[in-house]
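Given the sequences, and given the hints that come with them, work out the whole structure.
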Amino acid sequence: EGSVLYVTIEPCLMCMGAIILARIKRLVFGARDPKAGAVFSVYEIGNDRRLNHTVEVTEGICAGECSALLTDFFKTLRKS
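For the sequence shown, counting from 1, position 39 maps to 34 in the numbering used here; every step adds exactly one.
These are calculated hints, taken from the structure and not from any lab test. Here the structure is a predicted model, which means the values were calculated and not measured. Each residue gets a CB set at the ideal place from its N, CA and C atoms; glycine is no exception.
Beta-carbon label-pair distances, calculated as ranges:
#, residue 1, residue 2, range
1, N47, S75, 37 to 45 angstroms
2, E(-4), R73, 34 to 42 angstroms
3, L16, K74, 33 to 41 angstroms
4, S(-2), F68, 24 to 32 angstroms
5, T49, K70, 35 to 43 angstroms
6, L65, E(-4), 23 to 31 angstroms
7, K30, G59, 18 to 26 angstroms
8, P29, D67, 16 to 24 angstroms
9, K30, G(-3), 26 to 34 angstroms
10, N47, L0, 15 to 23 angstroms
11, V(-1), E60, 15 to 23 angstroms
12, L46, V(-1), 13 to 21 angstroms
13, A63, V(-1), 17 to 25 angstroms
Right, here's the structure in full:
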């Protein structure tokens, strides 16, 4: 409880479930994930008042750098 989690990309639904169950206080992420994001993009589970815990969210921190990092990673992965 009371932890802050920093990640490059918006967490998926399963990751957000784990974040909520772990009672992470705050989530900070760089880039949105339009295919599987569960904070804002596809689902909005982080502030669902029906759950027993909500997560404070800060987005867009170093968004350009995070997007570039992910793009480069997947380009390299496809080449090998």
